[in-house]
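Asks: Given the coordinates of chain A, assemble chains B and C onto it according to the supplied hints.
Here's the letter readout for the chains.
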Amino acid sequence: MTLFEARDVSKKFAGIMALDNVSIDVNDGEIVGLVGPNGAGKTTFFNCLLGLLKPDGGTITFDGAELSRVPTHRRARIGIGRTFQRIELFSGMSVREHLLVAERARRGDGRLWKDVIGMGRPRPDELARVDAMLELLGLTAEADRPVEMLSLGRARVVELARALMIEPKLLLLDEPSSGLDHAETAEIAEKLREVNRERGTAILIVEHDMPMVRSLVSRVFVLDFGRLIASGSVDEVFDDDAVRKAYIGDNN
Amino acid sequence: MDNFFGGLTDGVAFGSVYALLAIGLVLAYKTSGVFNIAFGVQAYASGALFYVLHTKHDVNAFVAFIAAVVVMAPLLGIVLDRVLFRFLRGAPEINRLITALGLLVAIPGLVQLKFDQTQATSAKGVVPNGDTVYSWGPAHLTRDQIAIIVAMALVAIGITLLFRYSPLGLRMRAVVESPRMAELAGVNSNRISMASWMLTSFVAGLAGVLLPQITGNQVVDVYYTTLVTAAIVAAVLASLTSVPLAVAAGLGLGVVQEWLNRFLPTNSIVASNIRPGLPFISLFLVLALDPRLRRIRSASDPLAGVDPPPVAAIAATRTRNAARGTRLFWLIAGLGYLYYVMGHGNASVVDDAVRIAIYAILFCSIVVATGLGGQLPLAQATFAGIGGAVSSQLATQQGLSVIVTILIGAGVAAVIGMVMSLPALRLGGIFLTLFTFGFALAFESVFVKFGWVTGGLFPEASPRPAIGPIDFGNDHSFLVMCLVVFGVVATIVVLVRGGTTGRFLSAVRGSETAAASIGISAARARIVTFGLAAGIAGLGGGLLTSYEGHYSATNWQTFIGLFWLVIVVTIGPRTIDGALQAAFVFVLFQKRVLPVWLPWLLNHVQPFWKINALPSAVQFIFFGLGAVTYAKHPEGILEFNKRNAMGTFQRLTHRSQGGNDSTIEGPMSSHGAAAS
Amino acid sequence: MRVRKFVVSVAVLSLTAAACANSSSTTPAKSTKAPSGGSTTSAGAADFNKHVARPGVKGVTYKTIRVAVITAKTNPIGGRYHEYIDGIKAYFKVINDKGGIYGRTLEVVADRDDFVGTLNVQMTTASLADDNAFATFEATQQLGGADMLAKAGMPTFLWNIPAESASTPKSDHSNIFGSNPSICFNCPGPLNQWLAVKNGFTKIGIIGYGVSASSKLCAEGQRDAYKKYTHGKAEVVFFDESLGFAADVSADVAAMKAKGVQYVNTCMDTNEVIKLQKEMKKQGLNAIQNLPNAYDHNFVRENATLFEGNFIEPLYAPWETNPQSPATIEYLDKIKAITKDPVELTQFGWIEAMQFVDGLKGAGPEFTQQKVIDYLNTLTAWNGQGLVPPVDFTTAHINPQSHPEARAKTQCQPIMQIKGGKFVLYETPADKPFTCFDTSKGSEQTPVYKSFAPGGVG
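Chains as they are written, first to last, in the numbering used here: chain A, 1 to 252; chain B, 1001 to 1676; chain C, 2001 to 2458.
Accuracy of the hints is not assured; some may be wrong.
Stated by the list, open to error - Mimicking DSSO-like on lysine-lysine, the simulated pairs with C-alpha atoms at most 30 angstroms apart in a straight line are:
| no. | chain 1 | residue 1 | chain 2 | residue 2 |
| --- | --- | --- | --- | --- |
| 1 | B | LYS1056 | C | LYS2334 |
| 2 | C | LYS2340 | B | LYS1610 |
| 3 | B | LYS1610 | C | LYS2334 |
| 4 | C | LYS2419 | B | LYS1056 |
| 5 | B | LYS1610 | C | LYS2336 |
| 6 | C | LYS2419 | C | LYS2336 |
| 7 | B | LYS1114 | C | LYS2340 |
| 8 | B | LYS1056 | C | LYS2281 |
| 9 | B | LYS1124 | C | LYS2281 |
| 10 | B | LYS1610 | C | LYS2063 |
| 11 | C | LYS2151 | C | LYS2371 |
| 12 | B | LYS1114 | C | LYS2336 |
| 13 | C | LYS2340 | B | LYS1056 |
| 14 | B | LYS1056 | C | LYS2422 |
| 15 | C | LYS2419 | C | LYS2334 |
| 16 | B | LYS1124 | C | LYS2419 |
| 17 | B | LYS1114 | C | LYS2334 |
| 18 | B | LYS1124 | C | LYS2340 |
| 19 | B | LYS1124 | C | LYS2422 |
| 20 | B | LYS1056 | C | LYS2336 |
| 21 | C | LYS2432 | C | LYS2336 |
| 22 | C | LYS2093 | B | LYS1610 |
Stated by the list, open to error - Which stretches of chain B does chain C cover? Using the computed rule of at least three CB atoms under 8 angstroms from a CB of chain C, they are:
| no. | region |
| --- | --- |
| 23 | 1006-1012 |
| 24 | 1256-1264 |
| 25 | 1345-1351 |
| 26 | 1589-1598 |
Everything labelled a hint here was simulated from the structure, so no lab data went into it. Note that beta-carbon positions come from the ideal geometry of N, C-alpha and C, so glycine has one too.
The shape of chain A in the complex, shown without the other chains:
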C-alpha cells in the first residue's frame, strides 16, 4: 500500500527549474533510493517533502493526508523522520540526551506547567526506550559522551537513532554514507536493514554510494537537472542508457 506519494512536484529558483514535475512514491515497509548527480535537485526535493521549502506545484501525500499546509515539525509528528547530509546534532548534549529529547518530542507533551510542577524529568519508561535504542544501534558505550566528541561515523548513527526515536513510518536519509569509510558505510547499511526488518520502517534514501544503494533498496528513482529520468527496480534502472549517461557514466 502506498505510504507516501509526491506527485508532479515543481520548484523554481530564480527562473531555474530545480524540480520539474517530479513524482515519487514509497510503499509501506519499502526501501527506496533516490539518486542523481550533484545539483540534480535531490536535496531540494527532500526539503520540499519536509516543508522546509514550499513547492511551486504538485501535491505530497503521506498516509492518505495532504501535506502542503503542514509545518515541518508537524510532519515529524505524523511519522516522517530524517537525517542530514551535513550533520545536525544538538551541540552541548550527550548522545543519551539526544534520544531523550526525541522521545519526549514523540510523546508531544511539552507543556510548560508540567515542567513547573516537576513532571518534566525523564520517566523510567522513557529511559528504558532510550536504552533499547542505544542498544539497537550499538551506542551504549558512548551514551553519556557529548556529541562533539564523536567521530563523523558515530555522529551519523546518533542522527539515525534520534530519527528512529520518533518511530517514523517513513525515514528520509540524506546521503548517510557521506564522509564515511567502507566499514562505517557497511555498518550503517546493516543497521538500516535491521531497522527496516524489525520495525517495518519505510526508507527513502538519497545516496551517492552505488554499492550501498544496490545492497539496500528495492526500487530507485533517478533525478537529473530537476527531472525524473528513470524509475523502477535497481537492475532495470541501472541498465538504462540515459541513467548511465547522465549519472553513472561509463565506468560502471
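Replies: Relative to chain A, chains B and C alone:
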C-alpha cells in the same frame, strides 16, 4: 509647496546622517559579519578626540581631522580586529553581537576616563564657517549639512566601487563567508579582516567628527547612539547587505520624517505620541513586517566543521563532586551572609540584600531567555517596567492586594512578551535582538509618559504587601518574601531547564532544523521562552516597585536592561548561580565596590597614590570588556574560572590518588562554532 | 541608547523643570521680616559659638556636624551636578574658618553618586544607614528617596527641581528645602508674556518634547499662560509638544517662519536650544528665544553671535548687578579656594549650604534635626542674603500642581539679555536685579524692580 521642498532638502541633509551611519552598519556586517551596534560609540571616540584637539586646544582643523579620523579611528579598528573580532570569524552571530554590545558599554566608559563630556559644548566643526547658509527658494542648507551630504555620497560611491571593482572588496566578502575557503584561495584573511575593520572604523570616525554640528555642538555619546539606533532602520531596509539600498533607505527615512514633521499637525494627539518614537516604531514595524528578512540567515562557514567543537555546557563537564562542592560553598556563604543581614546588618545592608534578591529574580529572566533560549533580548528591563507599572497602577487605582497585583503584573508582562514574540518568530539571530530593542525603545518613547501606564509625573505611592497578619512593610520581612519568591523562580527555572521545555530549547539552540525534524516547534519554544522570561522580569519589576514605594521609570531604561544583559552574560547566563552572582555585582558594584572597597584595597596594596572613589564609568569598562569574553566562554567568565579551578583541584587530588577524571577534560580552546 | 532614557525622562525633566522653575513664585508679600541669613535667626550672634553636648543627635560629634551629599555625578547628558558639592564645601569653609558653629566644624562626610536619579532610593537608603549625617544635600534629577528622607526626619537641602520634593497626600516633605518652592511644571507667571508684549512680539512659538511628561506639561503651561495673561495681545501661533529626542528641528522652524513667529519659548535642554537657534539662523527666522538655564558665561561668550538678543532668566542674583551684593562678592571670592571652574550648580551648593547654616543658627545651641526643620519652616521669606528671591517655607512644600491656590501671588526673577556675548540686565536698574510680577495681573502690569540684598542694592 514650500514645505515640500524645504522638507526635501532638510530631509536629504538629515537622511544623509542616517545613510552614513547605515552605510557603516552595512559595511561592518558585510566585511566582518558583525552587526556593529557599537558603531556609534566608535564614532564618539573620534568625535571626542577631534573636540579635544580642535575646540579645546585650537589645533588646526585639518590636523585634528587627520589625527581623529585618519589615524585614531583605523587604529581603533586594528585593535578591535586583533584583539576581538579576528577570533570571532565563523562564530555564531550571537557571540559577535554580544561582543559588540560589550563594546557599546565599554568604549564610552574608556573615553570618559579622560574626556569630560559634560563640558564638551560649542564644538567647532571641520568645515570653516560651517553655519554659512546657502538658500534656494524655500530650501536652505548650511555648509555643515552640505559637508555631511558630500561625505556620505563620497563614502557611498567609494565603497560601492570598492566592492564592485576592486579585488580587495571581493576578498573582504569572501573572508566573511568563509575565512578558511578564502585562505585556500590564497587570500590572507587576517590582513583582509584588518583592512575591513580599518575601513569601517574610518567611516565611523568620519561620522564622529561630522555629527556634533547637527546635534547642537555637543559631543555626547547618547546622541551618537540614538542616531545609530535610528539608522538601524535604514540598514535593516537594506537587508544589511546593499550599500546603495542603505543610502536610499537613509535618505528616504530622512525625507519622510521631515515631511511627516511638516504635514502632521504638531498638536494632534496622534502626532504628539507617535512623532518622538518614530524611528523606533519604524524599526519595530520594519522588523515585524519586512518579508525579506525571513530569508536572511546568518552566514555560516561551510568549513566551520574544521573548528574544534565548542566547550560543552557546564552541566556536562562539572563533575558531580565539583557541583556538590560548589553548591555547598555557596550555601554556606549564602547562609552566613543572610545571618549577618538579618542579625547585624543596618538598613543599608538589608537594602542591599533585598535588591540582590529582586535583581536575582530579574536576572533569572535573562537566564531563561539567553541561557536556555539562546536569544539575546534587549527588552527585559521594559518587561520588568511593565510588571512594575501594572502592579502599582492596580494597587493604587483599584486598591487590589499587592500580592495579587504583582502576579497580575507578571502575567501581563508574560502575555505581552508572548504576543510580541509572534511577529518575531520568523526572525532569527540579530534581527530578533533588534526587534526586542525596537520594542523597548518604542515603548519607552511612547508609552512610559502616559499617566495611565506609569502614574505619570506624580505616581501614587505603591504599597507593600501584607498577607494576613504578616506585614511586609518591614524590610526584613520583605527580604524574606523576596527570598521565597527567588527560591520559587529559581526552582521553576531549574525544573524547566531539566524538563521538556529546557530540553526542547537546548535542542532548538543546537540546531533548529534538526529539532524540527523530530517534531519540535522552534516557534513554540520561542514563544514559551519569551513569555516565561518576560513573566519573570515582570515579577521582579512588581517587587522592586512595591519595595521602593513607587514606580520609577529610571529603573527600567532600555540602557539599564542592556547593562543587565552584559553583566549576566559576563558572569554566567546559564545558571541560577550566575544570576545570583550577577545580582550581587550589579547591586554592590556601584554602591560599595567602586566608591569604598576597591579604593580601600588599592590604597592598601600601594602607598604611592591616594585613590578616592572610582568613577562609575569603571563598571562599564569592566563589564563591557567582560562581555566580550562571552565569545570564548559562553558559559560566563566566572563559571569558566570556577570550572577551571575545580578542574585543577580535581586533577591535583586525583593525581595524588593516581586517578584520572576524564569527564572534566575537554577542549578548552574554542571558537564557539556550532557542531554542524 | 546608552543613556537615551536619561534624556527622555530625567534630563529633560530637570532642565525643563528648571526652565519652569524660573517662573515659580515666591512670597515677598509676607516679607515684612528682614529677609537675610544672618538676621533671620532666633539665636543671638554670641550663641553661635556656644558648645552644648548633643548626645543622641544623629550626625553630630563633639567636634563636627556631618552632612552627606548625593549628586548625579555620572550624568552623561551634560548637567554638571557634581559641582554642587564644591559650593557646599566653599561655604562650609567660610563658616569653619570663622571657628565653625556651636563649637563644631561642618564636614562633608559622603559624596555619593546617584547616577542621574537611577540609584536615588538605593543611595538615600545607604546614606541614611551608613553616613551618620545630620543633614543631606542633593542635586539630582529625581528624588526617589524623598519619602525615606521625610520618614527619617532628615533636613534635606536640594537643588529643587525634582517633582518628588513636594509633599504628597501620604508623605509630608516639609523637611525638604530648596532655594525655590516645589516645582510647578504648568503654572508659570506672566514673565514671558510681559516680555512678549513689551517687545511687540505678537506671534509666539512654543516647543516641548513629546517624550517627557514634564516637558509637555511645561509647554502646555506656557501656552495657557499666553491666553491668560496677554488678553490677545500675543498669540501662540505655533505649538509643538511632540518633538523627538535628537530629532531634526527644521520642520518646526519652517512652520514658525511660515507663521511669522517672533518669540520662541521652549521646554527643552540647552543642547536642543542651540540646535534650534542654528536652524532658525539657517532658515532666516529672526525670532528671539527665551533660553532655559543657560546662565553660563563661557557658553555665551562662545556662542555670542548665535544668541544675540535672546533672553535668559538666571535662578539667582546675577553677577552683572552694579554694585554686586556682598553675598555675590563673597561667593565669587571664596569659591576660588575650592574650584577654578564654578558653574550654576556650584552657586546652588553655596546657597543651600547657607540655608542649612541659617537653619542651624535658628535652631540654637541645643539644635536637633527637627529643630532645624521647624525653624526653617517658620520663615516666610528666606532669600539667601539676597542671592535668590524670597521663599515662603510655610507654603513651599505644597504640591503646586494639585494646589494652585497655595501658590504665591508674586513672582520675582532677574531678566537678562545677551548682547555682544555678554549678559545684560534687561530694563532693570543695575542695582535691582529682580523683576517682580503680580501673578494675578496680566502682561499689562508694570513690574516692580527689587534687590533682596541686605543693603537693598545688588
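Asks: Now tell me if each hint is right for this structure.
Replies: Checked hints:
no.: 1; hint: LYS1056(B) x LYS2334(C); result: holds (27 angstroms)
no.: 2; hint: LYS2340(C) x LYS1610(B); result: holds (22 angstroms)
no.: 3; hint: LYS1610(B) x LYS2334(C); result: holds (26 angstroms)
no.: 4; hint: LYS2419(C) x LYS1056(B); result: holds (24 angstroms)
no.: 5; hint: LYS1610(B) x LYS2336(C); result: holds (24 angstroms)
no.: 6; hint: LYS2419(C) x LYS2336(C); result: holds (27 angstroms)
no.: 7; hint: LYS1114(B) x LYS2340(C); result: holds (19 angstroms)
no.: 8; hint: LYS1056(B) x LYS2281(C); result: holds (25 angstroms)
no.: 9; hint: LYS1124(B) x LYS2281(C); result: holds (17 angstroms)
no.: 10; hint: LYS1610(B) x LYS2063(C); result: holds (25 angstroms)
no.: 11; hint: LYS2151(C) x LYS2371(C); result: holds (15 angstroms)
no.: 12; hint: LYS1114(B) x LYS2336(C); result: holds (24 angstroms)
no.: 13; hint: LYS2340(C) x LYS1056(B); result: holds (17 angstroms)
no.: 14; hint: LYS1056(B) x LYS2422(C); result: holds (21 angstroms)
no.: 15; hint: LYS2419(C) x LYS2334(C); result: holds (28 angstroms)
no.: 16; hint: LYS1124(B) x LYS2419(C); result: holds (22 angstroms)
no.: 17; hint: LYS1114(B) x LYS2334(C); result: holds (28 angstroms)
no.: 18; hint: LYS1124(B) x LYS2340(C); result: holds (24 angstroms)
no.: 19; hint: LYS1124(B) x LYS2422(C); result: holds (20 angstroms)
no.: 20; hint: LYS1056(B) x LYS2336(C); result: holds (22 angstroms)
no.: 21; hint: LYS2432(C) x LYS2336(C); result: holds (26 angstroms)
no.: 22; hint: LYS2093(C) x LYS1610(B); result: holds (23 angstroms)
no.: 23; hint: 1006-1012; result: holds (count 3)
no.: 24; hint: 1256-1264; result: holds (count 4)
no.: 25; hint: 1345-1351; result: holds (count 5)
no.: 26; hint: 1589-1598; result: holds (count 3)
Checked against the numbered hints given earlier, this structure breaks none of them.
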